[in-house]
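Protein chains: 2
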Amino acid sequence: MRIGVLGTGSVGQAIATKLISLGHDVKMGSRTATNEKAVAWKERVGQGASVGTFADAAAYGEILVGALSGAGAIDALKSCGGSSLAGKILVDISNPLDFTKGFPPSLSVCNTDSLGEQIQRTFPDLKVVKTLNTVNAALMVDPSRLHGGDHTMVMCGNDVDAKQKVKDILTGWFGWKDIIDLGDISNARGTEMFLPLWVRLYGVLKTPEFSIKVMR
Amino acid sequence: MRIGVLGTGSVGQAIATKLISLGHDVKMGSRTATNEKAVAWKERVGQGASVGTFADAAAYGEILVGALSGAGAIDALKSCGGSSLAGKILVDISNPLDFTKGFPPSLSVCNTDSLGEQIQRTFPDLKVVKTLNTVNAALMVDPSRLHGGDHTMVMCGNDVDAKQKVKDILTGWFGWKDIIDLGDISNARGTEMFLPLWVRLYGVLKTPEFSIKVMR
Numbered sequence: 107m108r109i110g111v112l113g114t115g116s117v118g119q120a121i122a123t124k125l126i127s128l129g130h131d132v133k134m135g136s137r138t139a140t141n142e143k144a145v146a147w148k149e150r151v152g153q154g155a156s157v158g159t160f161a162d163a164a165a166y167g168e169i170l171v172g173a174l175s176g177a178g179a180i181d182a183l184k185s186c187g188g189s190s191l192a193g194k195i196l197v198d199i200s201n202p203l204d205f206t207k208g209f210p211p212s213l214s215v216c217n218t219d220s221l222g223e224q225i226q227r228t229f230p231d232l233k234v235v236k237t238l239n240t241v242n243a244a245l246m247v248d249p250s251r252l253h254g255g256d257h258t259m260v261m262c263g264n265d266v267d268a269k270q271k272v273k274d275i276l277t278g279w280f281g282w283k284d285i286i287d288l289g290d291i292s293n294a295r296g297t298e299m300f301l302p303l304w305v306r307l308y309g310v311l312k313t314p315e316f317s318i319k320v321m322r
Numbered sequence: 107m108r109i110g111v112l113g114t115g116s117v118g119q120a121i122a123t124k125l126i127s128l129g130h131d132v133k134m135g136s137r138t139a140t141n142e143k144a145v146a147w148k149e150r151v152g153q154g155a156s157v158g159t160f161a162d163a164a165a166y167g168e169i170l171v172g173a174l175s176g177a178g179a180i181d182a183l184k185s186c187g188g189s190s191l192a193g194k195i196l197v198d199i200s201n202p203l204d205f206t207k208g209f210p211p212s213l214s215v216c217n218t219d220s221l222g223e224q225i226q227r228t229f230p231d232l233k234v235v236k237t238l239n240t241v242n243a244a245l246m247v248d249p250s251r252l253h254g255g256d257h258t259m260v261m262c263g264n265d266v267d268a269k270q271k272v273k274d275i276l277t278g279w280f281g282w283k284d285i286i287d288l289g290d291i292s293n294a295r296g297t298e299m300f301l302p303l304w305v306r307l308y309g310v311l312k313t314p315e316f317s318i319k320v321m322r
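Each protein sequence line maps, in turn, to chains Z and H.
Residue 107 is where the first sequence starts when you use the working numbering, and the numbers rise one by one after that.
Residue 107 is where the second sequence starts when you use the working numbering, and the numbers rise one by one after that.
The reader is advised that the hints may include incorrect statements.
[What the hints assert, rightly or not] Once the Cα atoms are required to be at most 25 Å apart in a straight line, the calculated DSS-like pairs of lysine-lysine come out as:
| id | chain 1 | residue 1 | chain 2 | residue 2 |
| --- | --- | --- | --- | --- |
| 1 | H | K319 | Z | K319 |
| 2 | Z | K319 | H | K148 |
| 3 | Z | K207 | Z | K194 |
| 4 | H | K124 | Z | K273 |
| 5 | H | K319 | Z | K283 |
| 6 | Z | K312 | Z | K271 |
| 7 | H | K312 | Z | K283 |
| 8 | Z | K312 | Z | K273 |
| 9 | H | K124 | H | K273 |
| 10 | Z | K273 | H | K312 |
| 11 | H | K143 | Z | K319 |
| 12 | H | K273 | Z | K312 |
| 13 | H | K319 | Z | K312 |
| 14 | Z | K184 | Z | K194 |
| 15 | Z | K143 | Z | K124 |
| 16 | H | K273 | H | K312 |
| 17 | H | K143 | H | K124 |
| 18 | Z | K148 | Z | K124 |
[Claimed, not checked] Here chain Z is said to cover these stretches of chain H; the calculated rule only asks that three of the stretch's residues, wherever they fall, bring their Cβ under 8 Å from a Cβ of chain Z:
| id | segment |
| --- | --- |
| 19 | 241-250 |
| 20 | 266-276 |
| 21 | 281-288 |
| 22 | 291-299 |
Everything labelled a hint here was simulated from the structure, so no lab data went into it.
Virtual Cβ for every residue (Gly too), placed ideally from N, Cα, C.
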């Protein structure tokens with residue numbers, strides 16, 4: 107499958123590298139077509155990898171992965187142009203973290219709105235599925251690194267078919283065993299507001315390689 | 107030990123009943139000294155149980171448990187008078203849930219402040235320890251109801267000795283096995299902001315008897 111990964115940070119690199127290892131073709135998009143981190147990634151992983159602008163990656167992908175910073179997510183998607191987004195699934199991993207006052211960060215939107223909803227409202231033709239934003243990059247694509255994958259992922263989005271496809275990717279490609287669908291995209295308020303607890307657990311546990319298991 | 111439980115709802119009743127069953131003396135406080143729910147509780151549990159106003163319960167308790175609604179917590183504590191609070195531990199279980207727009211609730215304070223911090227700021231002589239607010243009343247006092255207690259409680263507060271005493275209560279009296287101390291009371295932002303995820307999980311799981319285990 108052809109997948110457009112928007113973002114060149116640790117999340118974008120982890121997702122893109124995993125997808126290549128599974129035999130997919132991935133175009134990593136960034137603000138410029140010659141982003142150093144994207145080019146270095148392409149050279150490292152080889153066959154199936156390509157780079158371009160956000161617009162190039164969005165036009166290329168049958169499915170899109172938004173591995174964007176909270177502050178840059180909407181602008182990055184705007185730069186893609188509506189026609190390359192229409193009807194496509196966006197796996198939205200971004201968190202609206204605000205580090206302007208240091209660590210731990212606060213959120214730039216929360217409580218009565220969320221970044222997931224803002225993206226869905228701004229791009230109504232996009233099928234936004236919010237997920238993976240509650241663990242670090244390494245665990246996103248390989249949950250078995252931690253207790254054999256015995257922990258929980260949450261997801262939400264308005265389009266039922268899109269959520270099923272993303273669930274198939276999470277389970278079949280990445281190895282997630284326990285996925286809870288919270289409902290429509292407004293539930294991104296809940297999953298994004300988990301981050302203020304996540305960053306504090308990270309501060310105490312001194313490792314980002316942790317996750318929650320919903321015991322029920 | 108003499109314990110003042112502030113609040114007559116399901117959380118106050120669960121905590122107070124558990125404490126009585128452990129042989130402690132408990133005064134349940136509410137706005138009026140003859141609150142129907144408090145009197146019914148006293149009659150049900152018998153020896154060691156008494157009722158009174160918030161001020162009566164605060165004066166009585168060597169340790170205080172705040173099982174108050176988010177909207178009513180500060181006023182309830184104000185009604186106690188400063189001298190009966192000074193130097194005492196308050197186990198703060200309250201969540202600033204705002205149900206004015208229905209379910210799921212939003213929070214009345216979050217992100218750059220928290221109810222735990224508001225209480226600590228308003229009553230600087232009180233030793234506020236925020237904990238237990240991330241599970242339902244039955245699990246608070248009997249975590250073994252769920253997977254033999256194999257799940258995690260988080261806590262925070264400014265006073266190290268107070269936190270140790272509360273930790274001893276959680277482990278020795280209630281049976282919690284895994285408690286993570288997040289640090290000072292500002293970390294209540296993290297534990298209270300877990301609630302928007304909790305209420306959504308509750309909506310999907312159709313039971314409040316779930317909890318998270320921090321896998322690490």
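Do the hints match the structure? See the list:
1. Restraint check for K319 of chain H and K319 of chain Z: satisfied, since their Cα atoms lie roughly 5 Å apart, inside the 25 Å limit.
2. Using a Cα cut-off of 25 Å, the hinted pair K319 of chain Z and K148 of chain H is violated, with the two alpha carbons roughly 38 Å apart.
3. Between K207 of chain Z and K194 of chain Z the alpha-carbon distance is near 36 Å, which puts this suggested pair outside the 25 Å criterion.
4. Of the pairs offered as hints, the one joining K124 of chain H and K273 of chain Z is violated, with about 42 Å between alpha carbons and a cut-off of 25 Å exceeded.
5. Taking the CA atoms of K319 of chain H and K283 of chain Z, the gap is near 16 Å; set against the 25 Å cutoff, the hint holds.
6. At roughly 34 Å between alpha-carbon atoms, K312 of chain Z and K271 of chain Z are farther apart than 25 Å, so this suggested pair is violated.
7. A hinted pair counts as satisfied when its Cα atoms are at most 25 Å apart, and K312 of chain H with K283 of chain Z qualifies at roughly 21 Å.
8. A C-alpha spacing of about 30 Å is found between K312 of chain Z and K273 of chain Z, which places the hinted pair above 25 Å, so the restraint is violated.
9. Using a Cα cut-off of 25 Å, the hinted pair K124 of chain H and K273 of chain H holds, with the two alpha carbons roughly 16 Å apart.
10. Restraint check for K273 of chain Z and K312 of chain H: satisfied, since their Cα atoms lie roughly 21 Å apart, inside the 25 Å limit.
11. Under the criterion of a C-alpha separation no larger than 25 Å, the hint pairing K143 of chain H with K319 of chain Z is inconsistent with the structure, at around 36 Å.
12. Taking the CA atoms of K273 of chain H and K312 of chain Z, the gap is near 21 Å; set against the 25 Å cutoff, the hint holds.
13. At most 25 Å may separate the alpha-carbon atoms for a hinted pair to count; K319 of chain H and K312 of chain Z meet this at roughly 17 Å.
14. Simply put, K184 of chain Z and K194 of chain Z have alpha-carbon atoms about 14 Å apart, close enough for the 25 Å limit, and the pair holds.
15. Using a Cα cut-off of 25 Å, the hinted pair K143 of chain Z and K124 of chain Z holds, with the two alpha carbons roughly 16 Å apart.
16. Taking the CA atoms of K273 of chain H and K312 of chain H, the gap is about 30 Å. The hint is violated against a cut of 25 Å.
17. At roughly 16 Å between alpha-carbon atoms, K143 of chain H and K124 of chain H fall within 25 Å of each other, so this suggested pair holds.
18. Using a Cα cut-off of 25 Å, the hinted pair K148 of chain Z and K124 of chain Z holds, with the two alpha carbons roughly 13 Å apart.
19. Against chain Z, the segment 241-250 of chain H contributes 0 residues with a C-beta closer than 8 Å to a partner C-beta. That does not satisfy the three-residue criterion, and the hint is violated.
20. Counting residues of the segment 266-276 of chain H whose CB falls under 8 Å from any CB of chain Z gives 0; the rule of at least 3 is not met.
21. Only residues whose beta carbon comes within less than 8 Å of a beta carbon in chain Z count, and the segment 281-288 of chain H has 3; three or more means the coverage holds.
22. For a cut-off of 8 Å, the count of residues in the segment 291-299 of chain H with a CB near a CB of chain Z stands at 5, and the three-residue condition holds.
Going down the numbered hints, you'll see the structure goes against 2, 3, 4, 6, 8, 11, 16, 19, 20, while the others check out.
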